[in-house]
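Quick mapping for you: the protein sequence lines, in order, are chains A and B. So the first sequence is numbered by the numbering used here: it starts at 1 and just counts up by one. So the second sequence is numbered by the numbering used here: it starts at 555 and just counts up by one.
Note that these hints are calculated values from the structure, not bench results. It should be emphasised that the depicted structure is a prediction, and the values quoted were computed from it without experimental measurement. Ideal Cβ placement from N, Cα and C applies to all residues, glycine included.
Each computed DSBU-like pair below joins lysine-lysine, with the alpha-carbon atoms no more than 35 Å apart:
1) Lys653(B) to Lys99(A)
2) Lys1046(B) to Lys951(B)
3) Lys1049(B) to Lys831(B)
4) Lys1049(B) to Lys951(B)
5) Lys302(A) to Lys652(B)
6) Lys854(B) to Lys98(A)
7) Lys454(A) to Lys271(A)
8) Lys99(A) to Lys652(B)
9) Lys896(B) to Lys943(B)
10) Lys856(B) to Lys831(B)
11) Lys300(A) to Lys652(B)
12) Lys495(A) to Lys397(A)
13) Lys461(A) to Lys507(A)
14) Lys271(A) to Lys50(A)
15) Lys896(B) to Lys854(B)
16) Lys854(B) to Lys99(A)
17) Lys856(B) to Lys825(B)
18) Lys856(B) to Lys99(A)
19) Lys653(B) to Lys302(A)
20) Lys951(B) to Lys1008(B)
21) Lys98(A) to Lys653(B)
22) Lys951(B) to Lys604(B)
23) Lys342(A) to Lys271(A)
24) Lys300(A) to Lys653(B)
25) Lys951(B) to Lys831(B)
26) Lys1015(B) to Lys1049(B)
27) Lys397(A) to Lys492(A)
28) Lys825(B) to Lys1061(B)
29) Lys831(B) to Lys854(B)
30) Lys98(A) to Lys856(B)
31) Lys507(A) to Lys495(A)
32) Lys302(A) to Lys271(A)
33) Lys397(A) to Lys271(A)
Now the stretches of chain A that chain B is said to cover, found in silico as 3 or more residues with beta-carbon under 8 Å:
34) 161 to 175
35) 186 to 197
36) 295 to 302
37) 305 to 319
Number of protein chains: 2
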Amino acid sequence: MNRREMLLVVGGAAVAAAAVSTGTPKPAGAQDMVMEPAVAGPPNADWAAKAEALMPTVTQTAQPPLALVRAVADPAAPLRWRMEKEAAADSLATRAFKKGDSFILDFGGHRTGHLAFRLETVGREPDAPARLRLTFGEVPSDVAEPLYPYQGVLSSAWLPDEVINVDYLPQAVQLPRRYAFRYVKVEVIDTSSGFSVRFEDVHAIALTSAQATPSPLPAPYSDLARRIDAVSLATLRDCMQTTFEDGPRRDQRLWVGDLRLQALANYATFKQNDLVKRCLYLFAAYRRQDGLVAACVYEKPKARYGGIHIVDYAALYNVALADYLEATGDVATARELWPVAKRQLEIIGQRVNAAGRYVDPGNVWIFIDWSRDLHKDAAIQGLLVFAHKRTLDLARKLGLEGEVAGYPALIERMTAAARTFWDPSVQAFVSGPARQVSWASQAWMAIGGVLPAKDCATALKTALARADAVKPVTPYLYHYMAEALLDSGLEKDAKALVEGYWGGMVKAGADTFWEVYDPAQPLSSPYGDIHINSYCHAWSCTPTYFYRSRAMVA
Amino acid sequence: MNRREMLLVVGGAAVAAAAVSTGTPKPAGAQDMVMEPAVAGPPNADWAAKAEALMPTVTQTAQPPLALVRAVADPAAPLRWRMEKEAAADSLATRAFKKGDSFILDFGGHRTGHLAFRLETVGREPDAPARLRLTFGEVPSDVAEPLYPYQGVLSSAWLPDEVINVDYLPQAVQLPRRYAFRYVKVEVIDTSSGFSVRFEDVHAIALTSAQATPSPLPAPYSDLARRIDAVSLATLRDCMQTTFEDGPRRDQRLWVGDLRLQALANYATFKQNDLVKRCLYLFAAYRRQDGLVAACVYEKPKARYGGIHIVDYAALYNVALADYLEATGDVATARELWPVAKRQLEIIGQRVNAAGRYVDPGNVWIFIDWSRDLHKDAAIQGLLVFAHKRTLDLARKLGLEGEVAGYPALIERMTAAARTFWDPSVQAFVSGPARQVSWASQAWMAIGGVLPAKDCATALKTALARADAVKPVTPYLYHYMAEALLDSGLEKDAKALVEGYWGGMVKAGADTFWEVYDPAQPLSSPYGDIHINSYCHAWSCTPTYFYRSRAMVA
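One chain only, chain A, in its complex shape (with noise of 0.2 Å):
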């Protein structure tokens, strides 16, 4: 996706302009599109309330930098920057720093946190304020390039900078905002000619409600996958906040799509299973008028209904809480939000025809990924199966199987309906007019389980070998495509899909997964600049679910 494409979607109707504004996932081809009214239900109080309760413990934990580095451009760096030492980071203290000097310092891998340092002065007593500019990066071209003039379409008061102006000197100083970053760009904008700032005690405090530290994979495993797991857990710590946030740069949103990948990681690592659970309650508990569950909610300053819906994203919810249920047990709390899975089926169901199909409206958003190109139907019908199936044996471990008695014969027809996309000459399940083969109607078709397994593998198998697929634009959808390959028995293909894609981004030197990788263009963004992409993204931290939890070999 480049530029000009996204910046057509801005141009089109104000609510698709709108969902871009922040870089929440947009509505793909959705110019001309008018959406559902979002009207907000009432809150469920006791439900709001569990989910207040739940609230978790954030641990601060002060680091201090490791080294003071210097960005190098280097071409064959897929985001052109590498960082060189240049000093231990202790020689900082010890050197003074006039208008127009700058540093960057190196935390040694990514934090989501503040910064605080102490601000002294040499030379004179001080005699005006100090007024600095501090550039926050997730990855090196974050504080290596210009932020100005900025080329995306999301807000700017996204970009990881400030400006903050130092009274009475010297001075302790904390500010006061989380960032997200392992650089730390300081530019001294002005002090007075008679003296210079010097920095002492420059500490990262660190903020995670994860309190677990999982052991790192162990020997068999290549020294490739236990870099990828430990990035994933890398991830996954710096987006556990209050909620499971999407990313901690930017948006900093509990969305369902994000929340089922991380509690699949969570569950595998952490196992902070009170903090899904505390995600599952504000999803329940803020809801549009009929119960449609939003595609997200925002938690501050209050907990309060996300405004967006995501046809995908609501059938997930139930996929989140019956993957809550196997891991925990906690039979209390998914009976007390079946109603809450049931109603999703009940919205969505509205939409799928008598042979089975689910009929996009065309005013509704169905996510995918964010992939211009691709067609959704397929995809969307595979999706709808397995969330069905997999709220049937929700039900069924509950023992309400008699509230769903209509199931069974509704996935037969929908099933049905899914094998209607498979086209025997291509061996694949194709999309819309022209017939588009895509990694995701075969992934989610697999993952739905529309055929039998051997037959979604040849599915998968022919994506991966066509050139012509439309391939996955997003992380979150390259982990349906590993889920995928995994249900049909590729663990092979799922582990080169992991070592290849993940593993391309640790190469690229990431120390947590970026929200966007296209390792064909790595300098594209989807919102026009990638100074506004997000370089820790929870949907990106599964590789280390697939590594524990699904037995991908070592």
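Since chain A is already given, all that's left is putting chain B on it; use the hints.
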């Protein structure tokens, strides 16, 4: 004084440049001056503790804005702009602002203080931070003209703008720093395309340690006089914080020269005499090794030695102490600080030759005024005669004249030396090889009373009449000119001076009196950029003293 001249100073000796760096008055013509070393002596802990114990209460007063205004270019206005009311202030809360929008609030008068508001949103749920730029204007040009590119030589960290990012909307915002303003320009740098912001309950939190509310001047005084007096009071009030600051916008520092004038105005108005006492102890506690009083002391984050010395300011410390005793009758304080006063003239007296003439050693700073053209030998001679007389008078009031038994003879020699500056052919005191006639020379010789009052009056009249006389560029020296006129029986001329000069600022719309005002060049700045000028400056506050304590007629 223009920018080119100022840059010559900055291009000169490091110490002179450093003095310039914050708005500190600096040695004119000091390009090649290597200053006397300024080494702090050990603080006097007892006096420091007394100063600390006298910390005043700073009252906080919440004040809503009066109106939304727009700046209109006005070639007839000395500062180029006037404000026109755009809407009532309470209409603000009904307006929504998007990226690129801005507005200007008018609080109806100058405030030293904080700004607070509730940032609400309109539109979708807010899905990004709001980034705002706030510019605090003491005068219309501060908010009507771009501050950048900044042309001045002082630290740009003093420029009155601030960029803030507000997360988690809606949100109550109170900016932690203190500003000096009547106007606040708010520019919305960005929100997201999905929502606008709305400002509720905007209010200034005005800060001052002035507790009383002096009655206005009574009716016999002209409207202009009453307005000048009121603006004097507002200026003093907004400079009265935990010390007598020189200006709340910039520097915010306690200077001897400003203190003496603020104290005079205070005795006639707010009568917050313990604040004067606190300041006298601060100067006494933090001196140079040899006991010389610093020209300024710093107060925050902790009280400390200022590291800058001005001959005339050290001498005026004694005058301020004598004024304090006269105003308060507080003999105990005057007696305790007497050794400090005595020490000032001992140190300065080392430069007084056998003939009674103060000989400028060339490595000390004589301030008098910022005029670059001024020859200062005559003025400093007159000022030091005055300081010796007032110090002798102080000793007598304390019954300590035995300690300064040599003063009467010394004063006689110094007075004789002062008279050598008299040039009967021009009927004025002249200074320097060019036999310069200046207001400064006549004013300080008159205040020093080196000739009978009628001769001093002649000298002052000569200076007033001569177009080539070097005139003051600061209200500080205008004050001493008015004081000299009153001392010399020229009350009508004093009144004309006050109502012409300070009245000129009032007519230009001043709510508080300015740091710099040259009626002939109202757009001049000693710093090369008027946006760094201070428009509420303590040394301008004395008209109220002339009206109330010197009985300048109605």
